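Peer 1: With these hints in hand, go ahead and build the complete structure from the sequences.
Chains as they are written, first to last, in my numbering: chain A, 928 to 1282; chain B, 38 to 317; chain C, 175 to 473.
It should be emphasised that the hints constitute simulated quantities derived from the structure, not laboratory data.
Every value quoted in this text rests on a predicted model; they were computed, and no experiment measured them.
Ideal placement from N, C-alpha and C gives every residue a C-beta, glycine not left out.
Careful, some of the hints might be misleading.
Straight-line Cα separation of at most 27 Å, DSS-like style, residue types lysine-lysine; simulated pairs [claimed, not checked]:
1) A:K974 / B:K306
2) B:K80 / A:K1022
3) B:K97 / B:K80
4) B:K97 / A:K1022
Partial pick of chain C residues on the chain B-facing surface, computed with a CB cut under 7 Å [said to hold, decoys possible]:
5) N301
6) N303
7) L441
Far from chain B, some chain C residues (derived; all Cβ distances over 10 Å) [as the list claims (entries may be wrong)]:
8) Y272
9) K273
10) R326
11) M330
12) M362
13) G367
14) V408
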Amino acid sequence: MATIGLCADSFALMRRVVICASAVLLLATVFVLPSLLDPFRLNLLGKYLCFALVALGLDLLWGYAGQLSLGQSVLFGLGAYLFGMYLKLESSGGKLPDFMSWSGLTELPLFWRPFASPIVALIAAVLIPALLGVALGYLLSRSRIVGVYFAIITQALAFIATTLFIGQQPFTGGTNGLTNFSTIFGQPLRDSTVQVWLFQVTTLVLAVCLGLTLWLSRSRFGRLLVALRDDEQRVRFCGYDPTLLRAIVFGLSAALAGLGGVLFVPQVGIVNPDSLGIILGIQMVIWVAVGGRGTLIGAVVGAIVVNSLQTAVSESLPDLWQYGIGALFVITVLLFPRGLAGSVSLRDRPRLEAA
Amino acid sequence: MACCINPVQYEGLEASKNIFYIAAPPNQQIIPAVTYLLQQGMKNVYLLGSDYVFPRTANKVIKAQLQAEGGTTVAEDYTPLGNTDYSAVVSKIKASKPDVVFNTLNGDSNVAFFKQLKAGGLSIDNLPVMSVSVAEVEVAGIGVDNFKGQLTAWNYFQSIKADANAKFVASYQSRYGANQVTDDPIEHAYSAVYLWAKSADKAKSIDVDKVRAAASGVSFDSPQGTVTLDGETQHIFQKTMIGKAGSDGQFQVVWDSGADPLKPDPYLKTYSWGATVAAG
Amino acid sequence: MSSLILLGIFNGLSVASILLLVAIGLAITFGLMNVINMAHGQFIMVGGYVAYVCSGLAGLVLGPAAAGDGFLVALPMAFLVAAGLGWLLERGLIRFLYKRQLDTLLATWGVGLILEQAAKNIFGAPNVNVDVPEWLTGSLAVSEDLSLSHARLFIMALAALALGGVGWYLFRTGTGRLVRAVMQNRAMADCLGVRTDRIDATTFALGTGLAGLAGAALCLLGPIGPFIGTDYIVQAFMVVVLGGVGQLAGSVGAAAAIGGLDSVFNLAFSVSIGQVIVFALVVAFLQWRPSGFVRTRSR
Chain A
928 MATIGLCADS FALMRRVVIC ASAVLLLATV FVLPSLLDPF RLNLLGKYLC
978 FALVALGLDL LWGYAGQLSL GQSVLFGLGA YLFGMYLKLE SSGGKLPDFM
1028 SWSGLTELPL FWRPFASPIV ALIAAVLIPA LLGVALGYLL SRSRIVGVYF
1078 AIITQALAFI ATTLFIGQQP FTGGTNGLTN FSTIFGQPLR DSTVQVWLFQ
1128 VTTLVLAVCL GLTLWLSRSR FGRLLVALRD DEQRVRFCGY DPTLLRAIVF
1178 GLSAALAGLG GVLFVPQVGI VNPDSLGIIL GIQMVIWVAV GGRGTLIGAV
1228 VGAIVVNSLQ TAVSESLPDL WQYGIGALFV ITVLLFPRGL AGSVSLRDRP
1278 RLEAA
Chain B
38 MACCINPVQY EGLEASKNIF YIAAPPNQQI IPAVTYLLQQ GMKNVYLLGS
88 DYVFPRTANK VIKAQLQAEG GTTVAEDYTP LGNTDYSAVV SKIKASKPDV
138 VFNTLNGDSN VAFFKQLKAG GLSIDNLPVM SVSVAEVEVA GIGVDNFKGQ
188 LTAWNYFQSI KADANAKFVA SYQSRYGANQ VTDDPIEHAY SAVYLWAKSA
238 DKAKSIDVDK VRAAASGVSF DSPQGTVTLD GETQHIFQKT MIGKAGSDGQ
288 FQVVWDSGAD PLKPDPYLKT YSWGATVAAG
Chain C
175 MSSLILLGIF NGLSVASILL LVAIGLAITF GLMNVINMAH GQFIMVGGYV
225 AYVCSGLAGL VLGPAAAGDG FLVALPMAFL VAAGLGWLLE RGLIRFLYKR
275 QLDTLLATWG VGLILEQAAK NIFGAPNVNV DVPEWLTGSL AVSEDLSLSH
325 ARLFIMALAA LALGGVGWYL FRTGTGRLVR AVMQNRAMAD CLGVRTDRID
375 ATTFALGTGL AGLAGAALCL LGPIGPFIGT DYIVQAFMVV VLGGVGQLAG
425 SVGAAAAIGG LDSVFNLAFS VSIGQVIVFA LVVAFLQWRP SGFVRTRSR
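Peer 2: See the structure below:
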């Protein structure tokens, strides 16, 4: 697909323009958009931004490091559940959560107790997925599991996670998941000011993470990741440890996914085993692919565009929307393999080999 | 501000003021079914359900009831939603030799289960199954031969002999096709709309709070008989029936709960053993 | 008690044969051609619906009692229809993506969504029951406690037949030899005048045709609906990856292993936990031996 390459002089100008435009866009989104959109749409957009966070992490893992994970949903869902535990406890006002009593428990399980504190919940919801990501990245990398095998195993993990969470109804709410939240940090969750505030926080967090990951991608670490994707042997011979690198990048992407989960659950009001599942996992990959893998901005764009389209099409053509989405994937892969953002670039990019 | 109407049987243990429960909580479906089984001498019960809230909660109720009334829970087995391989379950049932299987499987798992049960050599002669999520509509999907002679518990069957029902079935089939069947959820949904309309008439308003206040005592001559709204729990008074599947996909009523409709009791307050189940 | 053990073994073999039937098509498209066909599950669904149509037609033409007899026609029909669709898919989409393995994953997932929606639009979203011949609904009473379901015996025979058929095709026919040649060294085969594009299409069609066959066979056990594809796709991939990609013999071993373990754990615990344990074991095994049961020799 054609790239729009520009020579060095106009490049610097373009760059400045883009940065200004981004700043304006950010400010507009945070301060102006909430008064323009109705609460339902704003809430939807907030959800898409949470997905964009996850997509960012996935792009780091896949677009840069070349590891396709079909199971980012597990890390996302885990973050959502962990923060949801705090929301559930707060909403139960000191009593046993409803699903626990109708599942036969008489007192709060030990591992639930620390989650009464929002600080613990916040930290755990990002840290635990991150640690899990590091462990997985390390284990899988050490066994030299790459490419499609890595993908299939992450998919199997999504399956395992979903089944486990469904089966442990007394601890996780089973198929219903965690829901019926009423407050967050003492403020009523359904209140529109609180929802707007959540939206603004999500936007800012996304902007910060995008900035951080962009900086990371241009740093030495980022270039190491690309080198790892392109030729692991050489990276090893240069003295770096691919296993360690993979573990770190998986951990980072997992932390981003968990963070997305944390912001997701108060805005959507529910987390259930589908949030950990295979289908969501594949959809996450689609967002990054359509947006343009290896560009980071593409991940954000892809997540927002694909989800918006899905909502728009399923609202107007409920019987046919799956055709549209399916066609979108096929067309993207065939005609826009570098995705939306990848097809337009501000400087000549080395051609991305399909990982 | 809106209110929600639930026309399908469920597990009870709730009475939200925002919901009208126009269908059966356990005391109007599951509990009479277990009583019937015990009366028929079927004391050893194998509990089989899909893995989600309704079967898990329903089984809690059943286990408590069995313990209180002299039955035994032989096993409590769950399969994932949508599961279609029942070879292991059929083997376990055969090995444990229960008197009856109480089935809370959902949806298509029922199709697979009954097919494989029959293929495994178990049928109504040596192993009756009592289901609470299988009605006329599902029997068509399962296959009439695979389900013949099995038991279900509902508040309505298409085969009920009543004028209101005859009219209802005739209108339904002329609208949707002569091959269509009516079942309990369909009938409850139909009745629910009329009950709401009558409550709104009585309140002279469609404002949710006014309708809710007026609803208590509103009656409707539904296809299943006269049903009345209970203002306290927002459920309805209705009868329970046990049906036996025939070879035409219809059910023959073999037992009913008597002339008086049952009062709804979602929190199982009228049962001495109910407190342990409803705790919390 | 011993009959319970025998029943357990029978169940294990039955589950293994189902897995093999479902996975053998994938072993060909993924294992031999290196194409990740995420729509494999939907091809299974297609086969199931073909059987549904066949039994419906038989019921219309020959009378309701004979609806089950449509099933025997359904088996080859399911294979042909699924193979035809697969051939179209290969020619229309897959052949542009041979160098891009992970892109085949994404594109075929999209195709799968389209097929699923088509099924929902044509047949409706709820699952449907397929009538099968009377002689396939009973069981063989080996002893008082042990009865072997005819349907499961039939599926075992079908799986063995499919395996034998594929083996014969690949190793005893001329076309099969060409297929193996193209898979081993495409450039060389091209040089020698082999029509590689035709071979690719035929091989892919074989893979999807087998998926269709599996779908028709599954009617014996349960309902058919738009979503049965997603039920089986993960397990099918597990079988192929565990067996060693590109090794049909490995897939057989993997299906047997997973089927056996599945049966044991489902009996010992519940079906949910059983599946989780089996998958966890497979993942752990792959940690230890990433290339699966049968190691591929690399040049």
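Peer 1: Compare the structure with the hints numbered earlier in the document and write down the numbers of the violated ones, lowest to highest.
Peer 2: Hint check: 1, 2, 10 fail, others pass.
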